[in-house]
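Work the whole structure out from these sequences, hints included.
Protein chains in written order, with the numbering used here: chain A, 172 to 748; chain B, 172 to 748.
Just so you know, these hints were derived from the structure itself, not from any lab. A hint or two may mislead.
Copies of the same chain look alike in the list, so a pair counts if it works inside one copy or between any two.
[Unchecked claim] SDA-like mimics (lysine to any residue), calculated; alpha carbons at most 20 Å apart, straight line:
hint, residue 1, residue 2
1, 651, 536
2, 588, 562
3, 588, 567
4, 713, 483
Number of protein chains: 2
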Amino acid sequence: MRVALAQINTTVGDIWGNAERVSSALERALEGGAEIVAFPELALTGYPPEDLLLRPGFVRDNLAALEEVASRVPEGVVAAVGFVDLESDLYNACAVVSGGRVLHRYHKRYLPNYGVFDENRYFREGKGAPVLRLDGTLAGISVCEDIWYPGGPAREQALAGASVLLNISASPYHRRKGALRERMLAVRASDYGCYVLFCNLVGGQDELVFDGHSLVFDPEGRLLARARQFEEDMLFVDLYPEEALVQRLHESRPRKEELEDEPEVVEVPGFRERREPAQSREPRVETLLPEEGEVLEALVLGLRDYFRKNGFSRAVLGLSGGIDSSLTAAIAARALGPENVTGVLMPSRYTSEASNADARAVAKNLGIDVRVIPIGPAFDAYRQMLEEVFRGLPEDVTEENIQARIRGNIVMALSNKFGWIALSTGNKSEMSVGYSTLYGDMAGGFSVLKDVPKTLVYRVARHLNRSEGREVIPESVLTKEPSAELRPGQRDVDSLPPYEVLDPILEAYIEDDKGVGEIVAMGFEEEDVRRVVRMVDRAEYKRRQAPVGIKVTTRAFGRDRRMPITNRYSEGRPGIR
Amino acid sequence: MRVALAQINTTVGDIWGNAERVSSALERALEGGAEIVAFPELALTGYPPEDLLLRPGFVRDNLAALEEVASRVPEGVVAAVGFVDLESDLYNACAVVSGGRVLHRYHKRYLPNYGVFDENRYFREGKGAPVLRLDGTLAGISVCEDIWYPGGPAREQALAGASVLLNISASPYHRRKGALRERMLAVRASDYGCYVLFCNLVGGQDELVFDGHSLVFDPEGRLLARARQFEEDMLFVDLYPEEALVQRLHESRPRKEELEDEPEVVEVPGFRERREPAQSREPRVETLLPEEGEVLEALVLGLRDYFRKNGFSRAVLGLSGGIDSSLTAAIAARALGPENVTGVLMPSRYTSEASNADARAVAKNLGIDVRVIPIGPAFDAYRQMLEEVFRGLPEDVTEENIQARIRGNIVMALSNKFGWIALSTGNKSEMSVGYSTLYGDMAGGFSVLKDVPKTLVYRVARHLNRSEGREVIPESVLTKEPSAELRPGQRDVDSLPPYEVLDPILEAYIEDDKGVGEIVAMGFEEEDVRRVVRMVDRAEYKRRQAPVGIKVTTRAFGRDRRMPITNRYSEGRPGIR
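Shown next as structure tokens:
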């Protein structure tokens, strides 16, 4: 029995474009001899459609697209297509399609509503655990979150005799998630004695990147096939359902369990099981990327899709000669082509010659367009304009911010004049503690490194150099001391703990929700921890106005971590009992 | 039986401050002879606590605060206090407290997860519909959303014999919501033949304003008492539970219904019912504000609380002589005191003398501080800096945006130097269609009119003049044609339909999720509708970077309307099938 997992890149809202993508993948799957073809969760609407789901016209269009797709599925073939179903309420659904008809509409039972997910906002929970009768073989269908519940529909389907469990997903990437998924799916396969097939979405959608990485496990939980990460792919696999039977005869656990309800059986007319496929093919197992490679590919795909899906092709960004803008430029050049990237050097009186040289070197290595616009004239103008109001007051962060904002304005002026998207270049460590200027370095339509901690920025940059086999980002950029260069002799460590200390504190506080006491117990200075926690809490208003950026950690700012701005609870503020 | 509804203003995260506020209100209620005292939903944590709930330390602190509050409630008195309960999971809960002890922990059953609400993200649903035995009277308790369900716990409690239904709420304001609540609660009272007591939160929290407006209805559904809107208040009411019995003898509906489960009865030891209160008092019914007055008070309270709860006292904003900045200044002056507001005139070559005069007149009428900083020098500097890059290209919106961003930078420089919060002045109509400059007029820490459509801005401004009994906002500001004054002769109507046409289209599309066809059927030009819809969809990336502002409509941008930026679905884009 030949299965094809169609790991496609859909776009939210582009219902007819998605339907075309589904149809053409279906054609390729059929040409490859597939009898079962799976598409990602909500393939027709894209994921996550958010409040578009509250528009009746949108839901109706998706139902019409499903009919059109269904008409292309011949008899003898089953396709599983994610869509939004409307009965008396909305469901996140999977259509079972064969012979030109929708045979069954499975409704997702477990609706995730944590992290980046809001499915309880839109959908009603489904019921039941139907199995498809494919000639002599029973197959179970489920949607994404369903398979994460050990007692969910997959268990019921296995106990009802299914030997194949197909799960269609839109599971977003964060670092180390791929390994977690593989471990969980392997255990589901061996617990239930079934083939487990996981077909995931791929592509960028605002802050989310779906990593593809579709998988097939055999009934003993061994990895049979793995699709590419961060690319469209079509994964063919030949299944031998008798292997599931063999596994069951050896594995007594399912025998000791009882099903509460008899599951619904969906007959698939005209499906003829072949014991052996016409030409058996070796399943393909793609090599996993290392962690830095995953992050790099996530950033490249996230950036490329943000531009493409919004109808833009060119980027502009400030180049300072620092690591963040250098890596952002390199990612933009890889995602869009170097001919589509403009770097702007905007030196001030505090910019060192070394910084200018580094910025030029990066641009040269990447082959991108460079412009140089010194910010002195505007800075002088602002000083003159503010002279009377600021008379007698010392210089402070105000003057630093003015410089950063002049740079932001220049980048935005280029963006406005030429129709380019401005990229902001800040990293997650800065964003976390608010070490950044609102409307200055935070200005832009898209933020590439927003969720990448500074220490990981370095690791990804070195990986990029290795993977290119040359020094794209010069060693001097990788080794010099971080500085904003907004006043003489400024260094990041004058305002922040060193990044090797800062980043683990941030991870503990932001990603793991640890308290001050717990973080101190990890071996950090209490003063450092309190200071960092206070800074993170106070920077919430800034982060709210940051451009969207790509999620790569377990808790990105934005829809993933939802904190009040007005918030008097802070373990970092002494004096609050 | 004397009840006090303690309509207090809590702060998210300020657990011990909230506990103190609860305790001091309790004291005043006891002095007033109350035997039942109710506090708002989640009074101890503030509402909505969002992801603070994911920190175990936060939940533990709230439980400790509950114990402290409980110790202050004497025997013979019952208090209902909102808090977060932790058993095997989290619950949005109401503690029934008497004689120094927590007698019962009611768990909210209906968790709202639409609009601004995300309660499924944090809480497990409760079970049951307990009634308290208060000597001879049974009383039911529920939390907010519970009472909006006709078949919810209040129904069960009424069928179980309760004659008093107490609901503690954190129900946020939007225009016309007060009338909706009054109607619904009146019907609950007469349907069930019970007193209905609704104790609501008051105060601003980021984009939400809770309007107080606590209510009491008698068993025939007549309004007995109404607390103040948009202010702290303590509403005393004397109940005569026999009236509920009389109502039941006259009303046969409850007799025809059957309870599925016997409700749990919570005994309240030491409670002695008095047939007549010591000194009976006439219930107080506050007059309802007109719609413009409600909106004005919501904006004043929202602004005042944002400043106060974040520890700020002074505001700065650009004054253009237009209606939006004039009304924003007037609201800031009312909320913070005129001595705490600085208006900045930032004229350009395109600014008319009339605009400068109007801006000065507004500042004078309000008695606020004024600064004048012409933006010419910076504009010249930017032109010079960009001359080479822009050579040969015509002027366009880029140059307009540069001027707006210079103003944004100046306001932010004053904010940075003096520690003032910058107010942005855009209205909802502009924000909807993206007729605004990111980092320019959209710059600031807080946006007062972000959710107020332009036509409502005018109505509120006229109401403000009426309520002050003088022309705070000059007639010339109210009647002149809207213009951004960023190029010679510019008028809003050159870029947008007139606001009398634009606003109803926006309301239909944004608040009511109507499609193009439906909006055209309301009587608008198809071309206008398509253009507006397209502009709204395309401005999503801008709105994401706007400061928080106060919700006054049914669907404010932000957590209330969650739209993808990357969104290929648009009824406004022809060519997409």
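TODO: Check each numbered hint from earlier against the structure, then list the numbers of those it violates in ascending order.
DONE: When the structure is compared with the hints, none of them turns out to be violated.
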